[in-house]
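Asker: For this one, chain A is given, so just place chain B on it according to the hints.
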Amino acid sequence: MTRAAWLFAAPALLGLLLFVALPFVLAFVLAFTNLRLGSPLPLEFVGLEQFRRIFSDPAFLRALLNNAVFALVVVPVQTLLALGLALLLNRRLKGLALFRTLFFMPVVFPLSLVSVVWVLIFAPGANGMMNAFLETVTLGAWQPRDFLHDPVLALPAIMLTSVWQGVGFQMVIILAGLQAIPGELYEAAAIDGASRWRRFWHVTLPQLRNTLIFVVLVTTILAFRLFDQVQIMTQGGPRNATTTAMYEAVQAAFARQQVAKGAAITVVLFLIVLLVTVLQRRLVRQEREIA
Amino acid sequence: MKRWRINGAIYLGLMVLALVFIAPILLMVAGSLKPDARVLIEAGSWRALLPDSVSLQNYGDVFSRVDFTSYLLNSLWITGCVVVLGLIVNAMAGYAFARMQWRGRDLLFGLVLMILIIPLEAIAVPLFYQVTLWGWRDTYVVQIVPFIANAFSIYLFHTYFLGLPRELEEAARIDGAGVLRTFVSIIVPNARPAFASVAILTFLTQWGAFLWPLMVTSGEAVRPLPLGIAAFYTLPPLQWGDIFAFGVMMVAPVLLLFLVFQKWFVRGVAATGVKG
Numbered sequence: 000m001t002r003a004a005w006l007f008a009a010p011a012l013l014g015l016l017l018f019v020a021l022p023f024v025l026a027f028v029l030a031f032t033n034l035r036l037g038s039p040l041p042l043e044f045v046g047l048e049q050f051r052r053i054f055s056d057p058a059f060l061r062a063l064l065n066n067a068v069f070a071l072v073v074v075p076v077q078t079l080l081a082l083g084l085a086l087l088l089n090r091r092l093k094g095l096a097l098f099r100t101l102f103f104m105p106v107v108f109p110l111s112l113v114s115v116v117w118v119l120i121f122a123p124g125a126n127g128m129m130n131a132f133l134e135t136v137t138l139g140a141w142q143p144r145d146f147l148h149d150p151v152l153a154l155p156a157i158m159l160t161s162v163w164q165g166v167g168f169q170m171v172i173i174l175a176g177l178q179a180i181p182g183e184l185y186e187a188a189a190i191d192g193a194s195r196w197r198r199f200w201h202v203t204l205p206q207l208r209n210t211l212i213f214v215v216l217v218t219t220i221l222a223f224r225l226f227d228q229v230q231i232m233t234q235g236g237p238r239n240a241t242t243t244a245m246y247e248a249v250q251a252a253f254a255r256q257q258v259a260k261g262a263a264i265t266v267v268l269f270l271i272v273l274l275v276t277v278l279q280r281r282l283v284r285q286e287r288e289i290a
Numbered sequence: 000m001k002r003w004r005i006n007g008a009i010y011l012g013l014m015v016l017a018l019v020f021i022a023p024i025l026l027m028v029a030g031s032l033k034p035d036a037r038v039l040i041e042a043g044s045w046r047a048l049l050p051d052s053v054s055l056q057n058y059g060d061v062f063s064r065v066d067f068t069s070y071l072l073n074s075l076w077i078t079g080c081v082v083v084l085g086l087i088v089n090a091m092a093g094y095a096f097a098r099m100q101w102r103g104r105d106l107l108f109g110l111v112l113m114i115l116i117i118p119l120e121a122i123a124v125p126l127f128y129q130v131t132l133w134g135w136r137d138t139y140v141v142q143i144v145p146f147i148a149n150a151f152s153i154y155l156f157h158t159y160f161l162g163l164p165r166e167l168e169e170a171a172r173i174d175g176a177g178v179l180r181t182f183v184s185i186i187v188p189n190a191r192p193a194f195a196s197v198a199i200l201t202f203l204t205q206w207g208a209f210l211w212p213l214m215v216t217s218g219e220a221v222r223p224l225p226l227g228i229a230a231f232y233t234l235p236p237l238q239w240g241d242i243f244a245f246g247v248m249m250v251a252p253v254l255l256l257f258l259v260f261q262k263w264f265v266r267g268v269a270a271t272g273v274k275g
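So the sequence lines, in the order shown, correspond to chains A and B.
With numbering that gives the first Met the number 0, letter number 253 in the first sequence gets 252, and the count goes up by one each step, no holes.
With numbering that gives the first Met the number 0, letter number 231 in the second sequence gets 230, and the count goes up by one each step, no holes.
Just so you know, the hints here were simulated from the structure itself, not pulled from any lab data.
Possibly wrong hints are sitting among the right ones.
[Claimed, not checked] Where chain B lies over chain A, by a calculated footprint (3+ residues, C-beta under 8 Å):
id	segment
1	46-59
2	252-258
[As the list claims (entries may be wrong)] Derived coverage of chain B by chain A (criterion: at least 3 residues anywhere in the stretch with Cβ under 8 Å from a Cβ of chain A; other residues may be distant):
id	segment
3	42-51
4	125-133
5	207-218
6	223-235
7	247-254
[As the list claims (entries may be wrong)] Computed list of chain A residues with no C-beta within reach of chain B, every gap over 10 Å:
id	residue
8	Ala4
9	Ser111
10	Gly182
11	Glu183
12	Ala189
13	Gln206
We put the beta carbon where it would ideally sit given N, CA and C, even for glycine.
So here's chain A without its partners, still in its complex pose (with noise of 0.2 Å):
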């Protein structure tokens, strides 16, 4: 049984070790050294001096800032649209099956393909359809603005562009979570009176609490892996203003060739999902001693 099993496992190992963990170890051996691609200097332990030098960069720290920024605008706006669109889709109603496949379409349209599409709906000038929506609903108070080269809108244009793209998949993972929950309950609290509103806090949210833990921690880990909208949509500018740590870690690594020190930025990349993710387990935890 042992061989056979182990037969069974091998090619999958062997690909997670080759391709995950060696790659994994090898971002914190690296991140200690000099290593640049075609450097003529010999390679050599240079103890925590990339990280010295990344945390004195303003690029990077920015990028870190920008990470946090969106983190904390997207993952509550996101988090809130998918339970509303959620909440809205789970009853039964002819015709939602349709708009759930609406809301839920954008999700597989490739990133690269969304930046490009959005990049001509932030267009400058009146004529921009974004410019000429907000005209129209402030009834001609807004003044055209060229968002992507704005260093206070390009940001915010990058998240509203992410929020489109993956708001259906949080929406689908609620509504499952939402599916999930005993009817029971809620004839219970139908009979001892309690409120649509009261329900909801009662019964609904408590409920649906891991769902919505998982659904945050998703949301944060993509927030720091922002990457192809950047890439595509402005390059991590204007003035860095919407520069991410990934998109550091690819100039430094790949235009730059400093491997090194894109290393160290992948290890604080890292570091940050890490407590991310320790974070939501406790979470979870807490409430299932709680229940």
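Answerer: For chain B alone, kept in the frame of chain A given last:
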């Protein structure tokens, strides 16, 4: 009466939201069908969302301006290989972890679960260095092989196999079937939902892959569609009609699969949430 009004309000709200959600898609599809110049002129009005003239000129232009077929075939080949090989390799591992008794199983499965939290971004740079040393850059292999084994796919298969009744295998074993026969003829046909979920999630991820191909390819020969559209969009002269035609052709296969297998797409995505 009151019920009717609430439902009416819900439908109205959903309709407004739906319009906002499909506006960018309509913009793309309508834009791909009209003359390039009109796309920009009409971008600020509702006309942008409707095709006023229908012409396939832009689609033809895409093929004459770039090698679209090459991007498409690269994407199909890379995605196809990762999906098919991934299903085989990860299902077998998931089965070994879920239904076989062997030494080291629990320890290794614990490691797989730990690997689950490492996103590609966190290892992209060292992996890039690794494949550079191996001379793998600018190949199909570098875009396929690293993504076949997938911790999350193993996890999904593991969960699903755990839920299958034991009697299935026992009956096969009494008939004298070996482990491999049991797996292929009994387990696989009974685990279609798991295979569908993993196939769809892998397909979506690979079809949209951008960061990794950008890092490891430089020639157009092995580049997939996402890099194609990024390059096409910066190729002068800027012609939005052509760009949108490229976009429509790039997303059409996915959209078609989505509309046909919608139930499985939604289940596949919902399956990711079970983890919590």
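Asker: Against chain A, does the segment 42-51 of chain B show at least 3 residues with beta-carbon separation below 8 Å?
Answerer: With 4 residues in contact (Cβ-Cβ under 8 Å with chain A), the coverage given for the segment 42-51 of chain B holds.
Asker: At a Cβ distance under 8 Å, does chain A reach at least three residues of the segment 125-133 of chain B?
Answerer: Three-residue rule met by the segment 125-133 of chain B, so holds; n is 6.
Asker: Within the assertion that chain B covers the segment 252-258 of chain A, do at least three residues meet a Cβ-to-Cβ distance smaller than 8 Å?
Answerer: holds (count 3)
Asker: For the segment 207-218 of chain B, does the count of residues with a C-beta closer than 8 Å to a C-beta of chain A reach 3?
Answerer: Coverage by chain A holds here, the residue count being 5 at a Cβ distance below 8 Å.
Asker: Are three or more residues of the segment 247-254 of chain B within 8 Å, CB to CB, of chain A?
Answerer: Answer holds; 4 residues pass the 8 Å Cβ test.
Asker: When you look at the beta carbon of Ser111/A, is every beta carbon of chain B farther off than 10 Å?
Answerer: 4 Å, violated
Asker: The segment 223-235 of chain B covered by chain A? Criterion: 3 or more residues, Cβ-Cβ distance below 8 Å.
Answerer: Per the Cβ count (6), the hint holds.
Asker: Closer than 8 Å, Cβ to Cβ, for at least three residues: run that test on the segment 46-59 of chain A against chain B and report holds or violated.
Answerer: violated (count 0)
Asker: Taking the closest pair, is the beta carbon of Glu183/A still more than 10 Å from chain B?
Answerer: 22 Å, holds
Asker: Would the least Cβ to Cβ distance between Gly182/A and chain B come out above 10 Å?
Answerer: The claim stands: Gly182/A keeps its Cβ more than 10 Å from every Cβ of chain B (closest is about 19 Å).
Asker: Against chain B, does Gln206/A hold up as non-interface, every C-beta pair farther apart than 10 Å?
Answerer: At about 12 Å from chain B, Gln206/A clears the 10 Å cut-off, so the statement holds.
Asker: Please settle this one: Ala4/A was flagged as non-interface, so is its CB more than 10 Å from every CB on chain B?
Answerer: 4 Å, violated
Hint compliance for this structure: hints 1, 8, 9 are broken, all remaining hints hold.
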